[in-house]
Structures are given as C-alpha cells and as structure tokens.
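Q: Sequence:
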Amino acid sequence: MTAAVPVSREGSTAALFAASGIPSLLFKRRMQILEYFASVILDLMEGRKIESALKESQRRYREIFDGGRDGMVMVSPGGRILEANPAYCEMLGYAPGELVGAADPLFPTDDQNKGTIARPHDGGGGIESGFYAMRLVRKDGAPILVEVRAYSVPDQDGRPEYRWYLTRDITESERLALETEQLRTQLEQARKLEAIGRLAGGVAHDFNNLLMGIMNYAELCRDSTAPGNPIRKWLDEIVNITNRSAELVKHLLAFARKQAVSPRALDINDAVTNMLRMLRRLIGEDIELNWIPGQDTRTILIDPAQFDQLLVNMALNARDAMDGPGTLTIESVNSQFDAGDCRVHPECTPGAYSTVIISDSGRGMEPDVIPHIFEPFFTTKGTGEGSGLGLATVHGIVRQNNGFITVYSEPGRGTTFRIHFPSHEGIPIRSGPVDTSVEQTAGDETVLLVEDEEAVRTTVEAFLNRLGYRVLAAEGPEQALEVAAAFQERIDLLLTDVVMPGMNVRDLVAGMKQMHPDIRCLYMSGYTSNVIVHRGILDDAVDFLAKPFTRDQLGRKLREMLERKC
Numbered sequence: 039m040t041a042a043v044p045v046s047r048e049g050s051t052a053a054l055f056a057a058s059g060i061p062s063l064l065f066k067r068r069m070q071i072l073e074y075f076a077s078v079i080l081d082l083m084e085g086r087k088i089e090s091a092l093k094e095s096q097r098r099y100r101e102i103f104d105g106g107r108d109g110m111v112m113v114s115p116g117g118r119i120l121e122a123n124p125a126y127c128e129m130l131g132y133a134p135g136e137l138v139g140a141a142d143p144l145f146p147t148d149d150q151n152k153g154t155i156a157r158p159h160d161g162g163g164g165i166e167s168g169f170y171a172m173r174l175v176r177k178d179g180a181p182i183l184v185e186v187r188a189y190s191v192p193d194q195d196g197r198p199e200y201r202w203y204l205t206r207d208i209t210e211s212e213r214l215a216l217e218t219e220q221l222r223t224q225l226e227q228a229r230k231l232e233a234i235g236r237l238a239g240g241v242a243h244d245f246n247n248l249l250m251g252i253m254n255y256a257e258l259c260r261d262s263t264a265p266g267n268p269i270r271k272w273l274d275e276i277v278n279i280t281n282r283s284a285e286l287v288k289h290l291l292a293f294a295r296k297q298a299v300s301p302r303a304l305d306i307n308d309a310v311t312n313m314l315r316m317l318r319r320l321i322g323e324d325i326e327l328n329w330i331p332g333q334d335t336r337t338i339l340i341d342p343a344q345f346d347q348l349l350v351n352m353a354l355n356a357r358d359a360m361d362g363p364g365t366l367t368i369e370s371v372n373s374q375f376d377a378g379d380c381r382v383h384p385e386c387t388p389g390a391y392s393t394v395i396i397s398d399s400g401r402g403m404e405p406d407v408i409p410h411i412f413e414p415f416f417t418t419k420g421t422g423e424g425s426g427l428g429l430a431t432v433h434g435i436v437r438q439n440n441g442f443i444t445v446y447s448e449p450g451r452g453t454t455f456r457i458h459f460p461s462h463e464g465i466p467i468r469s470g471p472v473d474t475s476v477e478q479t480a481g482d483e484t485v486l487l488v489e490d491e492e493a494v495r496t497t498v499e500a501f502l503n504r505l506g507y508r509v510l511a512a513e514g515p516e517q518a519l520e521v522a523a524a525f526q527e528r529i530d531l532l533l534t535d536v537v538m539p540g541m542n543v544r545d546l547v548a549g550m551k552q553m554h555p556d557i558r559c560l561y562m563s564g565y566t567s568n569v570i571v572h573r574g575i576l577d578d579a580v581d582f583l584a585k586p587f588t589r590d591q592l593g594r595k596l597r598e599m600l601e602r603k604c
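Residues in the sequence shown are numbered consecutively from 39, following the working numbering.
Simulated from the structure, these hints should not be mistaken for lab results. Incorrect hints may have been included.
Simulated crosslink set (EDC-like; lysine to aspartate or glutamate; CA at most 20 Å straight-line) [stated by the list, open to error]:
#: 1; residue 1: K551; residue 2: E527
#: 2; residue 1: K93; residue 2: D108
#: 3; residue 1: K177; residue 2: E136
Keep in mind it's a predicted model, so treat the numbers as computed, not measured.
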C-alpha cells in the first residue's frame, strides 16, 4: 500500500511525501513520524537551494566588487576599513589588501589619521549617506579629487553596522573642466577685446580726420601770424593739444591692430640693448633696471618701431606699479609650446617662440583685476594719472604679430609679463636710427590730391601750395580720374585717402597708371585698410602717411618719394 503525506509551509502545501509499505504498519502514530521526516527532508532540500543561491550571489558580488572600475570600500562604525576593492586601493596607491584594518581616508578621525592613510580635506566623524566631492592624498603624496557616494547600512536594531563608499577619481575630468572654463573665459575676453578693437578702429578713423582738420587749420593760422603776436602762443597750444590727442589715437589704433607696419627680422637682444638708455631715463633713478639677455635667442618678425613702443609701455607700466624704489628686470629666452600648452592659451599655436620676460617688484594685482588689464581705458590709477591704453597697446602689438602674453601677479609681490613672439628664420637687419631731418621739403612737381573730407582736403591743399607744389584736388576717385583725364600735362604724384565712398582706391591707382605710367602714389589714412595692407602689414612698395600729419612731415615724405630712383 502507498501513502502520501502533505508537508505544509506558511499555511500552504509545499510538498507531497509518498511512502510504500505494509498496510498494517501505517498507523496514525507512524504517520506523524513520517510527516516529521518529510519535513526534515524538505528543509534539507531548501537549505541546499539557499546555499547554492548564496554562493551564486557571493560570486556575482565578488565579480562586481573586484572587477569594478570605481573604488568600493566597506568601513566599520569606528572608521576602519573592513574591505576595499582593487580599484580603491589602486586609486590611493596601495597594494590589494594593504588597506584592510587601516583608518579610512573617507572617515577622518580627530587626529587626521596621523598621515598613515591619505588625509581628507576636512575633519569630523565620517560622512553621512549622500553624494560628496573630497580631496584626498595618495600614498605617494599626490593630491586627488574624489567623487564619493556614501551609504550607511544599519543592523537589526537600526544602529549603523557599516558604511559603503563608492568612489571615483575625478582629478583629470576636473582638470579638463577647469581648462575648458579657462578657455571659455579667455575666448570671451578675446571676443570682447576684438569688439572693442573694431569700435576703437572706427572711432579713430573719424577722429583722426577731425583732429587733422583742427591741427592743420591751427598750423596754417600760426604760420600766418607774426612771431610777436600773442595769438600765436594760443595757436601753438592748439597744435600741441592736437598732437597729444593724435598720440592717444595712435594707441587706440595699436590696440585695434589697425596701424600700418613694416615688419622685418629683429634680434630681440639687440633691440632691447639699444633701448636701455631710454628706458632708464623713463623709469628714473630710484628703479634698478636689470637686463638678462638669453643665449642664441631666436629672431622674430616685427616692425622695430612697434617693439620699441612695446618696451616703453611696459617700462612705464612697471614704473607706475612700483610707485617708488624697486627693480625692473627684462629677460629674453627661447620657448617651445606644444598642443597641450596651447589648450590653455587659445591665442597660441604650437611651435618655437622667442619670449621677452618683464618683471617688476611693484604692488602686484588681485586675481579679479588681471582679466581686464588689456582692455582700453582700464586703469587702477587715480583720475588723470593714466590713459589706460599702455597695456592695451602692448596687447594689440603682440596680437598683430601673432604672439600672445601670459601674466602672473601676486598682491604685494610684483608682476611678471611673458610676451611670446613666434620665431622667424630670417637674418636680422641691424640699422641705426632713421634720420628724419630733411631740410628741403619744398618742390614744384604736380600733385593730384584725393580726399573726401573737406577740412582735410582744404588744409592739405594749402600745405602743398605753401610748399610750392602745383595742386590738383578732387573729392573722390571718380572725380580724380576726370581731373587727370582733362589735365594734359604730367602728374608726378597721387596723394590719396584710403577709405572713401565710391570707387575702390586700387581701381583709382590702376586708372591713374594707365594715363600716367610713372606716377608715384602716396596713401594717407586715419587707420589702415585691407585695400593697401593685409592684417596691418603694408604691401611691398607701398608708401603710407598716417593721419594726422604736419606740413613738415608731408613735405619730407614727398621729397623722399619724388627724389627716389625708380
């Protein structure tokens, strides 16, 4: 006979135990014993399943724990490491198993662990469950930034049994994020400076025309006034004021990179050496000037006048920063920048550079001031103590010559400017100062003057007449060609503004050369234009006169051109 015994678990039948035997043996008491054995057998079967499931769970846990790329660490309530995975040990520079039993850096004690384990950035009794970023120190002393997710695990009574920390080293990502933010800030600053530069260039062009009218009318009136007349003194003052205003505009044009330049190969060491005497006069006797030339410093490509202006502006800026006794040091070195370096400096391109380092022992600058120092009219000086264009001019000169500037400053400890110019393979040309003292400025040749601004045209025509030239005047390119076509005699020189409405000045020059193949061309403008320059660099064989100019400057330039052999 076969008997079946149901085995119940939690009010329901979990299994059916069957037994076969002699019917006379299956009494009620023995059935109870049978039920007991059936229950024990079921418990054993379930225990094996649980054990198997537990082993599988442990295997999966170990795979996740040991193979995880993020650091995992289990910490006791007292802050001791119970278990740490290989990623966590590697992150802190320890061998696997070396951290077990040690004080965990994520759970600082009052004595800050005495340096036995990487110290955290702050004190306290551990961190609560949540999300954190902490600065830790590796076994080798290197600092790292760690992203932490903390989980507190309670026991049956609700008290903390241990904590789980999931960690990730974010040092590199934070560095990249910081570099990205720096690049964004620098690009915004560059765009702002570029916008200001365009505005400055446009204003300078119009302002130069106005200045030239005032300056030239004052000069004409002064020349027509007797030396003893008191009005002459007033006219002299007007001319002086307009000259100072013209210098201000020149700085604006330098910042806007709108001035015409003639770059050539330049030896930095020679250029600085030639300027030392002037620089010492500028900064005064209270300031010590040290010049440390580098060995075999690379040649650069720049207009020498621009480089001299850069040195003067930097020396004056250093003098004002020291405001008394101090030290100004100028150095020259060769530098090399790779793609990694240029990520930090958006104006940099990889390659070889020649660097001028200018350091002062002045009062230094606060960090929030440094981003603004190259803005035009920005100054930390008092009212009337500076134009705020010195460093803006330097920035414009450096950028026009494809260089860039880095600045380091600490309040009370001085400032260091590193001015980097791309190296140039050309051979530097050494020349002395240009002699501008031309006694003979008069002439009797025929000059065609083309200028759309009436005040400028009228005064320049008067200058030319007083210098003895025969003058043909036109308000624009179209009228100039008509005047030239109607004039049957030789025209020796075309004196023309660059920026005028209507016909392009290149077309004007081409038309004039068809009628007068040997005509000389002198361009004048308040700022440069791509009509005659490319990126501010004069085309070959171009003669240019920057507005505003005086009668003597015009006369010397005309004689230089007209007496030059073709």
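Q: Each of the hints needs a verdict: does it hold here or not?
A: These are the hints, each one checked on the structure:
1. K551 to E527: holds, 14 Å
2. K93 to D108: violated, 24 Å
3. K177 to E136: Roughly 11 Å separates the two Cα atoms, so the pair holds.
Violation of the numbered hints given earlier is confined to hint 2; every other hint is satisfied by the structure.
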